[in-house]
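Undergrad: Each chain is listed here by its residues.
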Amino acid sequence: MANTIRTFFATTRPTTLQATTLPALRRSGSTPASTMLPKKAFKTGSTAPEPPAPGVLRLISSRFCPYAHRTRLVLAAKGIDYETVNVCLKDRPEWFFAINPLAKVPTLQHDGKVVYESLVCNEYLDRVFPGRKLLPEEPLEKARIGMLQAIWDAKTQPNFMKVNMSKGEEQLKAFVALKEGLTLFENHLVTSGTPFFGGDQPGFLDYSIWPWFELRDLLLVNDVVKLQEVEFPKLFAWLSAMYDRPEVKTVAFDLDVFAKYVATAIAGNPDSDIGLGDSD
Amino acid sequence: MFIISRFRVQARFSVFCRRYSQTFANMSSERALKRGSACPPPHGPGKLRLYSMRFCTYAQRTRLFLAAKGIEYETINIHLREKPEWFLEKTPIGKVPVLEKDGKIVYESLVCNEYLDGIYPDKCITPRDPLEKARQSMVLALWDTKVAGFYSKLVRGTKEDERPAVAKQFVDGLQYIENALTQPFFSGDKAGALDYNLWPWFERFSMLKNCAGVEVSADKFPKLTAWMGRMLELPEVKACFFSPEVHDQYGKTLLAGKSDYDLGLEE
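Chains as they are written, first to last, in the working numbering: chain A, 49 to 328; chain B, 3 to 269.
Wrong hints could be hidden among the right ones.
[What the hints assert, rightly or not] Below, simulated SDA-like cross-link-like pairs (lysine to any residue); rule was C-alpha separation at most 25 Å, straight line:
{"#": "1", "chain 1": "B", "residue 1": "Lys148", "chain 2": "A", "residue 2": "Leu167"}
{"#": "2", "chain 1": "B", "residue 1": "Lys155", "chain 2": "B", "residue 2": "Glu84"}
{"#": "3", "chain 1": "A", "residue 1": "Lys161", "chain 2": "B", "residue 2": "Asp191"}
{"#": "4", "chain 1": "A", "residue 1": "Lys161", "chain 2": "B", "residue 2": "Ser189"}
{"#": "5", "chain 1": "B", "residue 1": "Lys36", "chain 2": "B", "residue 2": "Lys125"}
{"#": "6", "chain 1": "B", "residue 1": "Lys135", "chain 2": "A", "residue 2": "Lys282"}
[Said to hold, decoys possible] Example chain B residues on the side facing chain A (calculated, C-beta under 8 Å, incomplete):
{"#": "7", "residue": "Gly105"}
{"#": "8", "residue": "Lys106"}
{"#": "9", "residue": "Val108"}
{"#": "10", "residue": "Glu110"}
{"#": "11", "residue": "Tyr117"}
{"#": "12", "residue": "Pro132"}
{"#": "13", "residue": "Leu133"}
{"#": "14", "residue": "Ala136"}
{"#": "15", "residue": "Ser139"}
{"#": "16", "residue": "Met140"}
{"#": "17", "residue": "Val141"}
{"#": "18", "residue": "Ala143"}
{"#": "19", "residue": "Leu144"}
{"#": "20", "residue": "Tyr178"}
To be clear, the hints were calculated from the coordinates, so they are not data collected in a lab. Glycine included, each C-beta is placed from N, C-alpha and C at the ideal position.
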C-alpha cells in the first residue's frame with residue numbers, strides 16, 4: 049500500500065516539451081518508433097520499446113511518482129527536449145530491470161548511457177546540458193543544499209507521508225515532526241532573504257521538494273493537519289512564487305486525476321492509466 | 003610443567019596486548035563527550051574539526067577522505083546514546099560525521115566528503131566527470147537498497163529462524179556490488195570516492211561471521227575479495243583501520259544495547 053500511495057502523481061496533459069520533440073524527429077526524415085510512444089504505462093509482460101534514437105533523451109517515468117516529477121521539473125527548467133516512457137510501478141515490465149536493476153523511476157536513457165535515482169538524474173542533467181545552472185558551485189552553498197536535502201529525506205518527506213497515512217494521535221505526532229522539519233526550511237529562507245532556495249530563481253532544492261508541496265492538499269487531508277501561513281510566512285511566499293513559474297505550470301499535476309488515482313490505489317488496484325483516453 | 007605453561011600463557015598474553023595496543027596507536031584517544039559536558043572551545047581560525055565516533059561507519063567515510071587528502075584536523079568524539087546538548091545545537095540531525103571550520107558546520111558523510119574536495123581542491127577525490135560521478139552515486143544507491151539494510155539486520159541481531167532469509171538477501175544483493183567492480187578499484191586504477199564511501203562496511207565483514215555466521219567467500223566474490231586486499235594496503239585505509247577483533251568486540255557491546263564508544267582507550 050505504501051508503495052502505491054508513494055507513487056501518486058499524475059499529469060494528463062502532454063507536456064509542451066513532448067509536443068516540440070515530435071516535429072524535430074519528423075524533420076529528420078525518419079519516423080522512429082519513439083515518436084509512437086504511448087502515454088499508457090508499460091506493464092509486466094510487455095515488449096520493450098525500441099531504445100531511444102541517437103541524441104534523443106528518454107525519461108522512463110510514472111505519471112504518479114513525486115520522484116519522477118523532480119526530474120520533469122528540472123527538464124522543464126532547463127528547456128531540455130525529451131521523450132517519455134511510462135511504466136507501471138505495481139506490475140513492472142521485466143525489460144525495465146535490465147536497464148535499471150532497481151527498476152525505479154525516474155531513469156534516463158541517453159546515447160546508451162543510463163542514469164537513475166532522481167537526484168543523481170537531476171545533477172547529471174544540470175552538469176551535462178546547457179542552460180541555467182541549478183546547483184551552486186561554491187562548496188559551502190552546495191553543502192547547504194545537500195544538508196537541507198538530507199533533512200528533507202530524513203525528517204520532512206517521511207512525515208508528509210506519515211501524516212497522510214495515519215490517524216488520531218499518531219497523525220498529530222507526525223504533523224508536529226513535519227512542522228519541525230519545515231521550520232528548518234523556513235529559517236533558511238529567512239536567513240537567505242531570497243524568494244527561492246536557489247536564490248532569485250528556483251534551483252536544485254526547490255525542484256526536489258516541490259512535488260510534495262504541490263500535492264499537500266491531497267497529503268494533508270484533515271483540517272487539523274493543514275499548514276498555516278502565519279507559522280510559515282516565507283514558505284507560503286515561496287509556494288506562491290513557485291506556482292508562478294512556467295516550468296512548474298508546464299509539468300503540473302492534474303489534482304483531480306491524481307485524487308482518482310489515489311482512490312484506485314486505496315481500493316487495492318492502482319490504475320496508472322487513469323484519466324488517459326483510449327488512443328493514449 | 004606448570005611453571006613452563008604459565009610462562010607460555012604470559013608470553014601469548016603480552017603478544018596479544020602489543021597487537022591490541024598497536025591497533026589503537028594511530029587513533030585519536032579522546033573519550034566520547036556526553037550530555038552535560040562542556041562545549042569544546044572552537045578550533046583556531048582556518049583549522050578543521052571533525053565531530054565523530056570511533057566506530058561509526060559513516061564517520062569513517064569522512065576520515066578516509068581526510069587521510070587520503072592529507073588534511074590536518076582535530077577530532078572530537080561524541081557519545082551517540084547521550085548526545086551533548088551543544089552538539090544538537092550545531093546539527094539538527096544529531097549524527098556524525100560533522101565538519102566545523104571557522105564557525106561553519108557541514109554534516110552528512112557524502113556532503114562532508116564533497117565539501118572537503120571543494121575547500122581543499124588538491125588531490126580531488128570526487129569524480130569530475132558528470133557521468134562517472136553519476137555512476138558512483140548509482141552504485142551507492144544499489145548498496146543502500148540491495149545490501150545495507152540486510153547487513154544492518156545481520157549485525158544488529160536477527161531471530162534465528164529469520165536469519166537464513168536475511169543472509170540470502172544480503173548475499174544476493176552483494177552480487178550487484180561484485181558486478182559493479184570492473185577495475186582494480188571501484189573508481190578505476192586508484193581508489194576514489196566510491197571506494198572510500200563503501201570501505202567501512204567491508205572492514206567490518208568479520209562481524210557478519212560472528213553475529214550471523216555469514217561469510218563472504220573468495221569463490222563467490224573473487225573481485226570484492228581482491229579489492230579488499232588492495233584497500234588494506236593503502237596508507238589512508240590503514241590510518242583509519244580497526245582490526246576484526248576490535249570490531250567484533252565493539253559489535254558485542256552494540257548487540258547488548260550498550261555500545262562502548264571508548265573501547266580500547268586507556269582509563
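Undergrad: Each hint needs a verdict: does it hold in this structure or not?
TA: Comparing the hints with the structure gives:
1. Lys148/B x Leu167/A: Given that 25 Å is the threshold and the Cα spacing comes to 19 Å, the pair holds.
2. Lys155/B x Glu84/B: 23 Å, holds
3. Lys161/A x Asp191/B: 22 Å, holds
4. Lys161/A x Ser189/B: 18 Å, holds
5. Lys36/B x Lys125/B: Distance of about 35 Å is beyond 25 Å: violated.
6. Lys135/B x Lys282/A: 34 Å, violated
7. Gly105: With a minimum Cβ separation of about 11 Å from chain A (threshold 8 Å), the hint on Gly105/B is violated.
8. Lys106: 6 Å, holds
9. Val108: 5 Å, holds
10. Glu110: With a minimum Cβ separation of about 4 Å from chain A (threshold 8 Å), the hint on Glu110/B holds.
11. Tyr117: 4 Å, holds
12. Pro132: Interface hint status for Pro132/B: holds (4 Å vs cutoff 8 Å).
13. Leu133: Hint holds; Leu133/B Cβ to chain A Cβ min 6 Å, cut 8 Å.
14. Ala136: Since the shortest Cβ distance to chain A is 5 Å, the answer is holds.
15. Ser139: Since chain A brings a Cβ to about 4 Å from Ser139/B, closer than 8 Å, the hint holds.
16. Met140: 6 Å, holds
17. Val141: Cβ of Val141/B sits 11 Å from chain A, so the hint is violated.
18. Ala143: Because about 5 Å separates Ala143/B from the closest Cβ in chain A, which is inside the 8 Å limit, the hint holds.
19. Leu144: 7 Å, holds
20. Tyr178: 6 Å, holds
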